[in-house]
Amino acid sequence: MSIKKIIEGRKEWRAHVSRVKALPQDYQIVYKEIQKYLFKVGPVELNEGIGPLSEIISFFEEGVIAGKRVLEVTGADVAAFCDALIEDSKTYADLYQDSLNKKNLRE
Amino acid sequence: MNFFEKITGSDMTKQMKEFDERAKVLPTDYQTAWKEIMSNLWIHGDFTGRKLMPILESALELLEVTSADGQSVEEVLGDDIKGFCAALVGSDGAKTYRDKWREQLNKNVARKLGGLQ
Amino acid sequence: MLEIISRGETYGYEITQQLRELGFTDVVEGTVYTITLRFEKNNLVNIEKKRSNVGPPRKFYTLNEAGQEQLENFWRKWNFVSSKLNELRDKGGK
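Protein chains in written order, with the UniProt record's numbering: chain A, 1 to 107; chain B, 1 to 117; chain C, 1 to 94.
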C-alpha cells in the first residue's frame with residue numbers, strides 16, 4: 001500500500017468516524033456492534049473500502065431524520081439485519097476454504 | 001521470519017511486516033490477542049498464504065477500530081480465541097461460533113441500549 | 001417490493017411506509033433496506049442519488065428492464081399457483 005493511499009484511507013476513515021459520532025447515542029451503539037460483527041464475519045466487500053459501512057450510516061441518518069429509534073429501523077434482531085446485509089456476499093473465510101479444498105483435491 | 005519467506009513470497013512477507021508495524025501501536029492487551037490470533041491461524045493454515053492475508057487484515061482492522069473506541073479486548077473477541085480463529089477462517093466449528101457472535105451482538109445491543117434509559 | 005418500485009420512482013423509507021399501509025405492519029426499514037441492497041446487487045433497479053432538503057442524499061429507485069422481467073415472472077408464477085390452488089379448493093368443495 002502506498003503512503004498516499006494510507007493517508008487517503010485515514011482521511012476517509014476520519015470523515016466516517018465523525019459521521020458516526022454525529023448520530024444519536026442509540027444509533028452509535030448499534031452501529032458499533034454491527035461494525036464489530038461485520039469485521040469478524042469478513043464479507044469481501046468490506047476490504048474494498050468503507051463503502052458498505054458508510055451506506056449503513058446513510059441509512060441510519062435517514063432513520064434519525066424520520067424521528068425513529070434505532071431498533072425501529074433495524075428490527076429488534078440486529079444480527080438478523082446484519083446477516084441480511086451480507087446474505088449474498090462471499091466471505092474471506094469462504095474463499096480460504098475453497099482454496100484449501102482445491103489444494104486437497106490436487107494432492 | 002526467514003521461514004516465512006520460504007513458504008510464502010516476499011510480497012506477503014512485506015505485508016506481514018506491515019501488519020507487525022500496525023500491531024505494534026495497539027494497546028498491550030490487544031497486542032497479546034493479535035499474537036495469539038497469529039499463532040492460532042498458523043495451525044489452521046498450512047498458510048495457503050495469499051488467501052489468508054485478507055482474513056488477517058480484517059482481524060487487525062477489527063482490533064484497530066475497537067481499541068480506538070476504548071472497548072476491552074475480551075468484549076471484542078470473547079474468551080475463546082481458538083474458536084474465534086476457527087470462525088475467522090471458516091473451519092470446523094465455525095458455524096456454532098458465528099451463532100455465538102450473533103447472540104453476542106444482540107446481547108450487547110440490548111445491554112447497552114438498556115443502559116441509556 | 002418490485003411492484004411498488006414499478007409504479008414510479010421511490011425510496012426506502014417510502015417503500016416501508018407503503019408496505020405498512022398494505023397491512024404488512026411488522027416490516028421495518030431495515031428489512032426494506034437489505035432487500036433494496038439485493039436488488040441493487042442483482043442489477044434489477046436503477047438508482048439516482050438526490051439531495052434532500054434535510055440529511056444525506058437519498059437513493060431513489062426505478063425498475064430497469066431486468067427488474068421488470070423479474071416482476072412479470074413473479075406474477076406469472078403467482079397466478080399459476082393461485083389458479084391451481086383455487087382449482088383444488090373448488091374441486092374439494094363438491
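In short, the hints are calculated from the structure, not lab data. Among the hints, a few may not be true.
[To be verified] No more than 20 Å apart at the CA atoms, straight line, and that leaves these computed lysine-lysine pairs for PhoX-like: (1) B/Lys51 / A/Lys90; (2) B/Lys51 / A/Lys103; (3) A/Lys21 / B/Lys82; (4) B/Lys107 / B/Lys95; (5) A/Lys90 / C/Lys41; (6) B/Lys51 / A/Lys102; (7) B/Lys95 / B/Lys112; (8) A/Lys32 / B/Lys107; (9) A/Lys32 / B/Lys100; (10) B/Lys112 / A/Lys32; (11) A/Lys68 / C/Lys59; (12) A/Lys90 / B/Lys112.
[To be verified] Every beta carbon over 10 Å from chain C, so not counted as near; a handful from chain A, in silico: (13) Trp13; (14) Asp26; (15) Gln28; (16) Val73; (17) Thr74; (18) Leu85; (19) Lys90; (20) Asp98; (21) Asn101.
Since we're looking at a predicted model, the values are computed, not measured. For every residue, glycine included, the Cβ atom is placed at its ideal position computed from N, Cα and C.
Next on the checklist: Run through the hints listed earlier and report the numbers of any the structure violates, in increasing order.
Outcome noted: 3, 7, 12, 16, 17, 18
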